[in-house]
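All chains, please: the whole structure from these sequences, using the hints.
Its first residue numbered 1, the sequence shown is counted upward by one per residue in my numbering.
No lab work stands behind these hints, which were simulated from the structure alone.
Treat the hints with caution; some may be incorrect.
The calculated lysine-lysine pairs, modelled on DSS-like cross-linking and capped at a C-alpha distance of 27 Å, are [claimed, not checked]: (1) Lys587 to Lys554; (2) Lys676 to Lys82; (3) Lys237 to Lys214; (4) Lys114 to Lys82; (5) Lys237 to Lys114; (6) Lys162 to Lys141; (7) Lys551 to Lys632; (8) Lys511 to Lys41.
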Amino acid sequence: MKADIRVALVGNPNTGKSTLFNALTGLNQKIGNFPGVTVDKKTGICQLTDGRRAEIIDLPGTYSLYPKSKDESIVFSVLAEKGSDLTPDLIVVILDATNLKRNLLLYTQVADLKIPVVIALNMMDMAKKANITIDIDLLSKRLGVPVVPIAARQEKGIEDLKQAIAYANKVALQVDTIDVRSIAPALIADIESATQTDNPYFALQLAHQHEHLKFLTTEQSNQIEALEEKHAFHSQKAQAAETISRYNYINDVLYDTVQTPDTAHEESISNKIDHILTHRVFGFIIFMGVLLFIFQSIFAWSAYPMSLIEDSFVWAEGLLRNVLPAGPLADLLIDGVVAGLSGVLVFIPQIAILFAFISILEDTGYMSRVTFMMDKIMRKVGLNGKSVVPLIGGFACAVPSIMSTRTIENWKDRMITIMVTPLVACSARLPVYTLLIALVVPNKNVWWIFNLQGLALTGMYVLSLVSAVLVAFVMKFILKARERGYFIMELPVYRMPRWRNVLLSMYERSKTFVLQAGKVIIAVSIILWVLSSYGPGDRFEKIEQTYSQPKYTKTMTPDSLARVISTEKLENSYAGVLGHVIEPVIKPIGFDWKIGIALITSFAAREVFVGTMATIYSVEGDADRIDSVQDKMRKAKNPETGQPVFTLAVAFSLMMFYAFAMQCASTVAVVYRETKDWRWPAAQFAYMTVLAYGMAFLVYHLLR
1 MKADIRVALV
11 GNPNTGKSTL
21 FNALTGLNQK
31 IGNFPGVTVD
41 KKTGICQLTD
51 GRRAEIIDLP
61 GTYSLYPKSK
71 DESIVFSVLA
81 EKGSDLTPDL
91 IVVILDATNL
101 KRNLLLYTQV
111 ADLKIPVVIA
121 LNMMDMAKKA
131 NITIDIDLLS
141 KRLGVPVVPI
151 AARQEKGIED
161 LKQAIAYANK
171 VALQVDTIDV
181 RSIAPALIAD
191 IESATQTDNP
201 YFALQLAHQH
211 EHLKFLTTEQ
221 SNQIEALEEK
231 HAFHSQKAQA
241 AETISRYNYI
251 NDVLYDTVQT
261 PDTAHEESIS
271 NKIDHILTHR
281 VFGFIIFMGV
291 LLFIFQSIFA
301 WSAYPMSLIE
311 DSFVWAEGLL
321 RNVLPAGPLA
331 DLLIDGVVAG
341 LSGVLVFIPQ
351 IAILFAFISI
361 LEDTGYMSRV
371 TFMMDKIMRK
381 VGLNGKSVVP
391 LIGGFACAVP
401 SIMSTRTIEN
411 WKDRMITIMV
421 TPLVACSARL
431 PVYTLLIALV
441 VPNKNVWWIF
451 NLQGLALTGM
461 YVLSLVSAVL
471 VAFVMKFILK
481 ARERGYFIME
491 LPVYRMPRWR
501 NVLLSMYERS
511 KTFVLQAGKV
521 IIAVSIILWV
531 LSSYGPGDRF
541 EKIEQTYSQP
551 KYTKTMTPDS
561 LARVISTEKL
571 ENSYAGVLGH
581 VIEPVIKPIG
591 FDWKIGIALI
601 TSFAAREVFV
611 GTMATIYSVE
621 GDADRIDSVQ
631 DKMRKAKNPE
641 TGQPVFTLAV
651 AFSLMMFYAF
661 AMQCASTVAV
671 VYRETKDWRW
681 PAAQFAYMTV
691 LAYGMAFLVY
701 HLLR
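The following block contains the structure:
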């Protein structure tokens with residue numbers, strides 16, 4: 001059902017805008033992207049006091065209408081474009097009651113666009129604790145707009161705000177804040193005439209931002225550019241003059257309406273905590289402790305729900321096999337769609353837990369401190385302080401980690417982070433590593449306390465981090481960007497996390513992953529099922545005829561015969577044929593056609609490697625038992641040399657390949673979703689495959 005009114009939430013970062021959005025909309029939310037850009041668009045429905053429904057749009061946080069990042073550039077685009085699906089009827093500007101001077105700069109800019117405004121004066125509880133007194137009625141009178149005091153975290157004043165939104169169209173427009181025309185009178189007049197507008201501030205903003213506004217035609221943009229040259233317009237000087245005028249106005253308003261105590265200059269509790277948490281030595285030690293806790297929790301806490309999801313799908317597959325008549329349609333549904341769906345849903349616990357931690361760290365204010373501490377170090381290798389969280393989260397899963405790069409404002413820093421995050425050893429690589437290490441590394445201790453197999457596994461994880469940093473350093477010189485990497489961040493005061501927001505974050509991110517990336521994963525899973533289940537010509541019929549002979553049916557058990565037939569069919573399937581086709585390419589790194597099939601089938605998910613090995617080597621018993629797979633792989637012989645297939649050189653070559661190759665359809669899908677351009681996942685797939693092949697070749701020939 002269509003909403004009756006569209007409301008945009010606008011505010012500085014850390015003013016509680018997202019908290020207010022959640023309080024107004026609850027679970028009636030959806031996340032997408034703004035048209036043409038990969039910036040989060042959160043919308044939701046709010047029931048107003050007069051019975052109408054309001055569509056709430058949560059715009060990215062910004063300090064000014066002059067953008068420093070892609071997120072911030074969205075704000076003016078949405079507010080300025082007339083007649084689009086996002087054009088707001090009303091703007092709710094969220095102000096931090098404890099920091100009105102800085103917050104009011106954005107308000108005065110928005111107010112001068114002459115769209116109806118309601119001010120949500122948030123954090124009134126914090127202002128009261130700080131003994132800051134605000135004359136709400138006088139502030140409302142001076143600004144000419146409704147001012148509603150709220151405390152969004154406690155959901156106080158929310159009903160009053162809903163009422164103000166409902167009746168906002170019945171109040172007069174806000175007063176002018178500054179004399180905009182005096183900044184560039186002749187230019188503003190010419191742009192007003194050229195664009196048929198009577199709003200001087202809208203005309204001035206067009207002069208500043210016309211190159212980036214998609215709603216302007218090329219002809220209009222060129223016309224504005226010509227007018228700028230005609231009047232020798234200097235954007236930075238005009239911005240400086242405007243900012244000075246606005247702060248003069250703000251100072252006059254605050255002088256009459258706000259009283260701050262004489263003790264306001266004393267050091268706050270947050271600053272005292274920062275002396276420890278951002279200390280150049282203790283700060284990093286504490287941060288490493290936090291990361292260790294998160295890292296362990298993601299693995300430990302997700303194990304049971306992931307196992308439960310897997311068991312549920314095993315049960316569902318068994319049930320469907322009993323209910324559905326045997327045939328290709330049942331196989332497609334069970335082995336293609338259901339198997340693909342399980343590959344999507346099994347990631348949910350990790351996604352939910354990671355985003356719960358991210359939400360807690362952001363809510364408490366600690367995440368801002370982490371990015372502040374790490375920025376200087378990370379910039380040396382072409383990354384950003386905010387790149388720390390995605391890289392660490394990559395140990396669990398690259399998918400939610402790449403989604404979390406949205407907090408990185410600078411395009412170049414974000415793209416480098418997206419491109420290197422899949423190099424970090426995720427949990428999907430763990431089954432591959434443990435299987436291969438157990439095959440070739442002795443299970444014995446060195447120096448009494450260190451296990452050789454444990455050291456080998458630790459080495460693979462350390463290698464992944466080092467490789468991510470080195471590749472980021474190289475990409476620093478490859479990727480070019482016009483925008484400079486600004487690092488402007490206000491450190492918010494420490495607060496207790498809002499558990500409702502944490503749960504909402506877990507729910508929304510999990511839902512987004514399932515609905516967006518999941519579509520691609522299921523499609524790829526179905527394609528892989530078809531490639532593995534069908535073969536060219538009449539090969540499958542000949543296999544059936546061969547093994548229907550008495551010499552097989554009388555000497556083999558039905559289960560053993562079925563496994564042998566399955567293995568033969570796999571070799572002769574399209575996937576098997578492809579395995580033989582690529583064998584000459586992978587032979588130099590120690591792989592045969594059987595390993596080639598595993599490389600193909602495990603594209604959907606790396607852990608599929610274990611199941612593929614079980615099928616290929618006709619494992620006796622449960623194909624999911626790693627012990628059985630290890631035993632059969634250990635006995636496998638090379639038909640040409642008579643030597644074991646999985647030597648130390650082959651096993652470590654294979655681990656190197658899986659360490660660097662992009663064997664993950666879900667990661668490819670989410671990289672496309674975040675970049676909206678197939679060239680990025682294609683380039684990522686290409687460079688990681690080349691790197692994987694090169695490292696595997698080097699290791700294989702060194703260890704032969």
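Right, here's what the structure says about each hint:
With a C-alpha separation of about 38 Å, the suggested pair Lys587 and Lys554 falls outside the 27 Å cut-off, and the hint is violated. For the suggested pair Lys676 and Lys82, the alpha carbons sit about 25 Å apart, so the restraint of at most 27 Å is met. In summary, the hint linking Lys237 to Lys214 is supported, as the alpha carbons are separated by about 25 Å, within the 27 Å threshold. Taking the CA atoms of Lys114 and Lys82, the gap is about 13 Å. The hint holds against a cut of 27 Å.
A hinted pair counts as satisfied when its Cα atoms are at most 27 Å apart, and Lys237 with Lys114 qualifies at roughly 24 Å. In summary, the hint linking Lys162 to Lys141 is supported, as the alpha carbons are separated by about 20 Å, within the 27 Å threshold. Proposed proximity of Lys551 and Lys632 is supported: the alpha carbons are some 24 Å apart, at most 27 Å. Distance restraint check for Lys511 and Lys41: the Cα-Cα separation of roughly 15 Å lies within the 27 Å cut-off, and the hinted pair is therefore satisfied.
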